[in-house]
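Read off the chains here:
There are 2 protein chains.
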Amino acid sequence: MENCYSKHYNSFTYRSHTCGELSSAQVGEYVTICGWVQYLRLSKFLLLRDAYGVLQCTVSEEDIDFSNIPLESVVKVDGKVSLRPKNAINSEMSTGEIEVIIQRLEILSTAENLPFNLRNYQKPKEQLRMQHRYIDLRFPEMQSILRLRSQMLHRMRRFLVEQHGFVEVETPTLFCQTPGGAREFVVPTHHAGLFYSLVQSPQQFKQMLMSGGVDRYFQIARCYRDETTRPDRQPEFTQLDVEMSFTDLGGVLSMIESLLTHTFPKLMQEPPLKKITYKHALEHYGSDKPNVQYGLQFKNIKQLFPEKSRIPHFDAFAVPYPAELGKITAKNKDKIKEIAKKHKVKVILDHDIHKEFGSDFESNLKNIIGQQNSAIISMGDYENACLCLGEIRELIASLLRTRNLLKTEEHTEVLWVVDFPLFTKGEKGLETCHHPFTSPHPDDIHLLDSDPLKVRALAYDLVMNGNEIGGGSVRIHNARLQEKILSMLGMDAEKLRHFLNALRSGCPPHAGIALGIDRLVSIVFNTDSIRDVIAFPKTHEGKDPLSGAPSTISEQDKQYYHIRTC
Amino acid sequence: MENCYSKHYNSFTYRSHTCGELSSAQVGEYVTICGWVQYLRLSKFLLLRDAYGVLQCTVSEEDIDFSNIPLESVVKVDGKVSLRPKNAINSEMSTGEIEVIIQRLEILSTAENLPFNLRNYQKPKEQLRMQHRYIDLRFPEMQSILRLRSQMLHRMRRFLVEQHGFVEVETPTLFCQTPGGAREFVVPTHHAGLFYSLVQSPQQFKQMLMSGGVDRYFQIARCYRDETTRPDRQPEFTQLDVEMSFTDLGGVLSMIESLLTHTFPKLMQEPPLKKITYKHALEHYGSDKPNVQYGLQFKNIKQLFPEKSRIPHFDAFAVPYPAELGKITAKNKDKIKEIAKKHKVKVILDHDIHKEFGSDFESNLKNIIGQQNSAIISMGDYENACLCLGEIRELIASLLRTRNLLKTEEHTEVLWVVDFPLFTKGEKGLETCHHPFTSPHPDDIHLLDSDPLKVRALAYDLVMNGNEIGGGSVRIHNARLQEKILSMLGMDAEKLRHFLNALRSGCPPHAGIALGIDRLVSIVFNTDSIRDVIAFPKTHEGKDPLSGAPSTISEQDKQYYHIRTC
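Read top to bottom, the protein sequences are chains B and Z. Take the first sequence: its letters are residues 1 to 566, numbered as in the working numbering. Take the second sequence: its letters are residues 1001 to 1566, numbered as in the working numbering.
Everything labelled a hint here was simulated from the structure, so no lab data went into it. You may find that some hints are simply not true.
Derived DSBU-like pairs: lysine-lysine, alpha-carbon spacing no greater than 30 Å straight-line [unchecked claim]:
| id | chain 1 | residue 1 | chain 2 | residue 2 |
| --- | --- | --- | --- | --- |
| 1 | Z | 1346 | B | 266 |
| 2 | Z | 1558 | B | 543 |
| 3 | Z | 1558 | B | 425 |
| 4 | B | 558 | Z | 1425 |
| 5 | B | 308 | B | 342 |
| 6 | Z | 1558 | B | 428 |
| 7 | B | 495 | Z | 1299 |
| 8 | B | 275 | Z | 1327 |
| 9 | B | 274 | Z | 1007 |
| 10 | Z | 1308 | Z | 1275 |
| 11 | B | 342 | B | 327 |
| 12 | B | 558 | Z | 1495 |
| 13 | Z | 1299 | Z | 1335 |
| 14 | Z | 1454 | Z | 1344 |
| 15 | Z | 1558 | Z | 1543 |
| 16 | Z | 1123 | B | 495 |
| 17 | Z | 1299 | Z | 1344 |
| 18 | B | 558 | Z | 1558 |
| 19 | B | 125 | Z | 1495 |
| 20 | B | 407 | B | 299 |
| 21 | Z | 1076 | Z | 1086 |
| 22 | B | 7 | Z | 1007 |
| 23 | B | 454 | B | 335 |
| 24 | Z | 1125 | B | 558 |
| 25 | Z | 1275 | B | 7 |
| 26 | B | 495 | Z | 1308 |
| 27 | Z | 1331 | Z | 1342 |
Chain Z regions said to be covered by chain B (calculated; three or more residues, Cβ under 8 Å) [stated by the list, open to error]:
| id | segment |
| --- | --- |
| 28 | 1011–1017 |
| 29 | 1137–1143 |
| 30 | 1192–1199 |
Beta carbons: idealized from backbone N, C-alpha and C, even for Gly.
Construct the complete structure from the given sequences, taking the supplied hints into account.
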């Protein structure tokens, strides 16, 4: 995402240029430069760094001595831009043709006892980086990610506000608890026994905005979930939240496709994006967020098993893979066994197939999977057989990748998964697959009472290289249908009285979506973790190594909020 | 703030036009329109409303009967645009020349039992409006304010990102407690006895970003303060938060002036804005956020009192006002007496001056305040005499305004107040006037030990029509000076260890500001309360009439967070 504006990076400051912008075009000019001391050499050369680049400053006279300035101190240099001697030109630096001859040097801030150096080849451990984030942020990659993130969000806003008339509305984060969904942080108040909850998303608000006539809403919204046990999650995160009235599933998909193409013109395939059904994803990749950058698509091999041998809901799938991978090692065999056990599915590895089922079976299988391929088979209940083989597929892909045998698409693969089921069977009855405000598919409404698990939802997930980066749905805009769904889910409608009233007051049909910004940035800029795209992240346990938060509070505070700890 | 983009308000929807955009240019076209039923007349005319306008739809044939559709139901109309008969043209409606002849009408959502009507002339009480905000938002003023607010923030972002290379960085809201400052909400965690605090501003983070080399930062940030006892405050609010490295007081002032001129080109005076010192504001208006739209400037009349009669720190001021106002009524006299009592200051009303001080005094006073003016005098300790008369000045102004005797500037008056004191004397010792990170004025640093109350701060407030809409300062970037100030304020430096380390690691000089967005929008769009510019506001007690938040939580939740209520 290139920098498309002509900006004044030096307006309102006392520097004349950044460290990155000088070139031979400025030779002869007197400049004022500020930055961090990156490197000192021979008491003569000082490499000055800021967010925009690195610049060589040179002492010409003997009266400026900077040999005692600690690295990472901040200085201000007045000087004259000169061409470097030919043999000193550094073509790897954007400012490598020139240097600034120092006329005046002022130390603005002296660095003391840094916990680590700013050298890429000895990058400190993540814990130490997070503890001293104010230093870690000076690494060029961190600078670059934060700037690209800001650019990306600005491009999204321009698309929505300027091109399509969306209104950014800020909705509250201190609210009441939403039944169902993720665990929400609670916030005690001065009113004894009464708590706010921190919203897990603006879902209720954006739907109430639709009822309120704000027909094209978006927000880059802070959301909160107390789910710190899951890796690569943050207790607070950012989502692009969009909702539209008078639209349908196709409208939202097409809006997001245009948005992504506008935001990442180089990255994206031409819209429309590929759409696959949940059923297709399950039966071919064993996942509702399949990575389709590589093949390894399942084959259904149920027909190879005689009908009488089958259990109820029996199904069988094979994942084919290049035979060059060879025999699965004992260690990986154990991993596969564990996956099979978790899903209560029988799994047969390639070299056991002959022993288990004989030559006829093997040759029939080869006809299906291709003569040059090996395969692993999973057999059992339909859904589990798929999900189990999905995990095995990812393991096989990682083994192939290590051996350089995996054929992968170069470009980012973005697709929609649609036609999810509305409900899933939970321990205590029906549970929602997305959230309780998701509309059933109109063709399946007649099944709500007779066969609810067969009802599809008007829901859609956006999947990028095997990661779910967003999801949404057409919402229920009819209060009676909403009450029915809540009751089927065993949820207390009283807690959503205000919301149901909003549907009852003349609420247009509407649909929307939310994209996880942290994850999206992390995938697009290819970082190891979402923590790398967040200025001040917390650990996966929700701790802040920088400030030590969370921490104890005073007895007075507890009294004020009418709480005791136990 | 006009709408400056050519937008597609109908993209990704199944309507062809909004209710506001049709005119005689579309006559003959077939259109699809969606909206709320605003009004029905003679079973023949249906006024359809959406966020963009109102449109008349007309039945031509007898087979469409909409007489039973409740008002505020949502419908979809397919029809043909026609010119109205000449005698039916309504020049007050933007769509008043045309009507849509209905060919098909679909009810999308039926409104039931609305708690109030959408009629401006019988606008419901605020409590009811907040309780059913999803209906209240349909009033054209609310639609307009939310849209203008979104436009305003977008203009600010464009100025900062596109023209001046600022980076929007999202900083955490779950953090540790900041010593000093407002009361912060606490958030219990699953770790027994450990709490986050909700940040009252991104202050620490933005300063750490400066140390981290993000030299031009901004954020439209959600902030939290548990100060619900103060009227017209919200527990969560939005501020435009900006910070820059390598700048000074003048740099920040000039940046904000450019930003405001860019955002409100019609509203703003030409920069630079007027700058007055805190001392000047106190001595002439009795306030640190003076309303200078009208005159009524104080005159110092200390010289009229013989030296021997004076108490220590004695001072005397008069506020002149047009004699046409006449005698102050008994009720207002009581109000003035109360103000005087609160400030422990002696106040003399105009018609008591002669009785109290005699004719010579009176004629000397007239020479100072102007022969045609009356005056009220306050006498006492310098600061209290000013502050007391400041409150009286506002009362007098309101009395003059009621009688149409107040000469007021038509345009919005925006000015800077500078040269605040760094410290004020609190009950337990020195207290900070802004916050503990504010830099002392370099000319006054030598007074820190000897006469700290005389030290000025490099702080500035932005005042609009008598409201403080923002404030900021040059920050302390030297760890030792910061430690000294914390210690003078009796604050625990250990709680700011991470912050002090950031200053110690090579931190550039920096300065910044925060503008209160809710208040700014409220003043610019002239609403009664900041609640009118917030989509889903809370009452001044921090309650949400819509959802009933805050509310009780379950015993399981309390157990999970290791808290008990008491």
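Here is how each hint holds up against the structure:
1. Z:1346 to B:266: 74 Å, violated
2. Z:1558 to B:543: Given pair residue 1558 (chain Z), residue 543 (chain B) holds - Cα atoms ~20 Å apart, limit 30 Å.
3. Z:1558 to B:425: 28 Å, holds
4. B:558 to Z:1425: 28 Å, holds
5. B:308 to B:342: Given pair residue 308 (chain B), residue 342 (chain B) holds - Cα atoms ~26 Å apart, limit 30 Å.
6. Z:1558 to B:428: Holds, at roughly 23 Å.
7. B:495 to Z:1299: Not OK: residue 495 (chain B) and residue 1299 (chain Z) at ~60 Å, beyond 30 Å, violated.
8. B:275 to Z:1327: 80 Å, violated
9. B:274 to Z:1007: 28 Å, holds
10. Z:1308 to Z:1275: Violated - the C-alpha atoms of residue 1275 (chain Z) and residue 1308 (chain Z) are around 36 Å apart, more than 30 Å.
11. B:342 to B:327: Given pair residue 342 (chain B), residue 327 (chain B) holds - Cα atoms ~23 Å apart, limit 30 Å.
12. B:558 to Z:1495: 19 Å, holds
13. Z:1299 to Z:1335: 22 Å, holds
14. Z:1454 to Z:1344: The hint holds at about 23 Å.
15. Z:1558 to Z:1543: Holds, because 21 Å separates the two Cα atoms, which is no more than 30 Å.
16. Z:1123 to B:495: Holds - the C-alpha atoms of residue 495 (chain B) and residue 1123 (chain Z) are around 28 Å apart, at most 30 Å.
17. Z:1299 to Z:1344: 20 Å, holds
18. B:558 to Z:1558: 14 Å, holds
19. B:125 to Z:1495: 24 Å, holds
20. B:407 to B:299: Within the cut-off at roughly 18 Å; holds.
21. Z:1076 to Z:1086: 27 Å, holds
22. B:7 to Z:1007: Roughly 25 Å between the alpha carbons, so the hint for residue 7 (chain B) and residue 1007 (chain Z) holds.
23. B:454 to B:335: Violated, because 33 Å separates the two Cα atoms, which is more than 30 Å.
24. Z:1125 to B:558: 36 Å, violated
25. Z:1275 to B:7: Holds - the C-alpha atoms of residue 7 (chain B) and residue 1275 (chain Z) are around 28 Å apart, at most 30 Å.
26. B:495 to Z:1308: Between residue 495 (chain B) and residue 1308 (chain Z) the Cα gap is close to 72 Å, so the pair fails against 30 Å, i.e. violated.
27. Z:1331 to Z:1342: 17 Å, holds
28. 1011–1017: holds (count 5)
29. 1137–1143: This one holds; 4 residues, not fewer than the three required, reach chain B with a Cβ under 8 Å.
30. 1192–1199: holds (count 7)
In summary, the structure is inconsistent with hints 1, 7, 8, 10, 23, 24 and 26 from the numbered list given earlier, while agreeing with the others.
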